[in-house]
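Position chain W relative to chain P; hints supplied.
For the record, the sequence lines run as chains P and W. End of the first sequence sits at 272 in this note's numbering; the numbers just go up one at a time, nothing left out. End of the second sequence sits at 272 in this note's numbering; the numbers just go up one at a time, nothing left out.
By construction, these hints were calculated from the structure, which means they are not laboratory data. There could be a bad hint or two in this list.
[Said to hold, decoys possible] In silico negatives: residues of chain P with every beta carbon more than 12 Å from chain W:
| id | residue |
| --- | --- |
| 1 | Val5 |
| 2 | Pro78 |
| 3 | Asp125 |
| 4 | Ala181 |
| 5 | Gln215 |
[Claimed, not checked] Derived DEER-like restraints, expressed as beta-carbon distance ranges:
| id | chain 1 | residue 1 | chain 2 | residue 2 | range |
| --- | --- | --- | --- | --- | --- |
| 6 | W | Pro107 | P | Ser83 | 44 to 52 Å |
| 7 | P | Glu84 | W | Asp178 | 32 to 40 Å |
| 8 | P | Thr51 | W | Pro62 | 47 to 55 Å |
Cβ coordinates follow ideal geometry from the N, Cα and C atoms, glycine included.
Number of protein chains: 2
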Amino acid sequence: MASLVEIADPADERLRDYVALRDVSLRRSLEAAQGLFIAEGEKIIRRAWQTGHLPRSLLLAPRWVPGLRDLLDTSDVPVYVVSERLAEQITGFHVHRGALGAFERRPARQMSELLDARRLVVCEDIVDHTNVGAIIRCAAGLGWDGVLLAPRAADPLYRRAIKTSMGAVFSLPWARMDDWAHGLERLRDAGFLVAAMALRHDDVGIDEFAEQLDQHPRKVALLMGTEGAGLSSHWLAQAEVVVRIPMARGIDSLNVAAAAAIACHVLGPKIS
Amino acid sequence: MASLVEIADPADERLRDYVALRDVSLRRSLEAAQGLFIAEGEKIIRRAWQTGHLPRSLLLAPRWVPGLRDLLDTSDVPVYVVSERLAEQITGFHVHRGALGAFERRPARQMSELLDARRLVVCEDIVDHTNVGAIIRCAAGLGWDGVLLAPRAADPLYRRAIKTSMGAVFSLPWARMDDWAHGLERLRDAGFLVAAMALRHDDVGIDEFAEQLDQHPRKVALLMGTEGAGLSSHWLAQAEVVVRIPMARGIDSLNVAAAAAIACHVLGPKIS
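Isolated chain P (complex conformation) (with noise of 0.2 Å):
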C-alpha cells in the first residue's frame, strides 16, 4: 500500500522529478538523464501503470488522491501530497488535472523490431510534441502496427506527447532510427515500399494509391516530413512512390497530423 507523504516545501529533494515542466529543453535532459518520464492526469496515470510502466513517484493535490485510491492501494509507491498551489509552483504550470506521475522508462525498442509491420508511419523531422502525440495516437486508433522516428523527431515520451496520444504512446511499439542517413535503404530491405507523403511532379493521389494496394498488396513505410519545410531532399529521393492529398485551390498545405489521420485511415488495414 502506498505511503502519503505531504509535502509543504518547494524545495523538497523528493519533488525533483517533477520541477519546471514547462521548461522543454530543461526536462529532455533531465528526463533523459534520469530515465524517466510524467504522466498527466488520472487517466494517463492508470495507462501508463496499466501498461507496466514502473512509477517512481506520483504528485498529487489531495482531491485526487481518492481517485486513484485503487492503484496506490496495491503498490508502494511514494504519493506526495501537495497543495494546488505548490504544484504550480514546483512545475510552473496550474496543473488542471491534479495528478502527475514520474515513471521510469523501458529500454527503448529497437527499430528491428519493427521491420514485421506491414503499416508503419516513419516521422522524420517533426519536433512538434503534439504532432507526434497525435501521429501515435492515429496509427494506433487506425491499427497500423508502429510508428518509427528518425534522430531528431520529437520524443514520444514527453509529458505533452504523451498527453495529445492519450497514452496510445505506452501500448504502439515505436523506435527511433539511429541512422538516418541509411534508415530507409534498411526499411526497402526489410520489404517496404517505401512511400513519401509530399507533393513531386510524378505525385499519385491517395484513393489511387490505395487501389493499387489492393491489388498488390505490400508492405508499406509512410514518410511524413516537417511542417514547415516538408520531407528533406536526401529522404524524398528514396522514396518509391509520393502520395498527394488532393488540396482545394489556394491551400497549400494540411496540418502533418491531419494528413497522417487521413492517409492511416486510407491505407491502413480495412477495420469491419
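Here is chain W on its own, set in the frame of chain P:
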C-alpha cells in the same frame, strides 16, 4: 505610410489590445467588447490583411519591421515598436514570431448565408480553440464549403484558433448558430442530410456512407461533438445517419480534429 512609434512603457494605453494574451477568459471578454482579434506572426498577419480585415495596430519587435515593410508602406496603421522583453511583459508570453496585429472583427456571417453549401462541418460544443482551428483548416483544405458552430463552441477568431487554422478562418465561410435547440431543423429544412460522427447501434462505416453518397448525392451537414462527451443526445437523436470511423480494438476514439480530417477527405468533393 504607417508610422512607427517606439514605446517603452508597458502601461502605455496604446498597447491595451495586446495585454495578457494567455488569459483566455480576460481575452474573450476584451475581444468581444472591443470587436477585435489578434493575429500572430508575419504569415497570419498577411493573411488577415489580404483577406480585407482592417488592422487597428501592429506590435512589432524591431527585427520584424523589415519583413512587413511592403504592407506598412501601403497603410497608415499605427505600428508600435517594442523590445522583445516588453512584448513579453505586455502579452504574458515570449512572442516567438515577434509580430502581433490587432484587427477589427467584421460583422459575423449568419447561418442563413451557409445554407447553399453542399458540405458543412457543424461543431457542437468543441471548446478547444486548437481543435476548432484545425477543423476549419481541414475543411478549407479539403474543399468543404463552410463550418457552422453551435453557440458554445470556441471562437475561430481567438488567437490560437487562428494560428492552428493557418489563417483559414479568414477565408472559409463560418457562422455561429444562434439556436442550439432548433439549429438542426433549419439544416434539414434547407435540404441537408444531417449526419453525426459518433457510435450508435445503427451506425454505418464512413467508407460505406461515402459510397451511398456517391450513388445518391446529397448536401451533407456533418455533426462533430466534443472529445470527451461526444455529441449531445438531443443532436444525436436528430441525425439521419450516424457515421463511424472504424477503429482498432482497444482504442476508443480519435482526436476530433483527426476524425474531421478523415471525414472531410472521405466525404468531401473529389479534388484532383
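Index of numbered hints that the structure contradicts, given in increasing order
No hint contradicted; all consistent.
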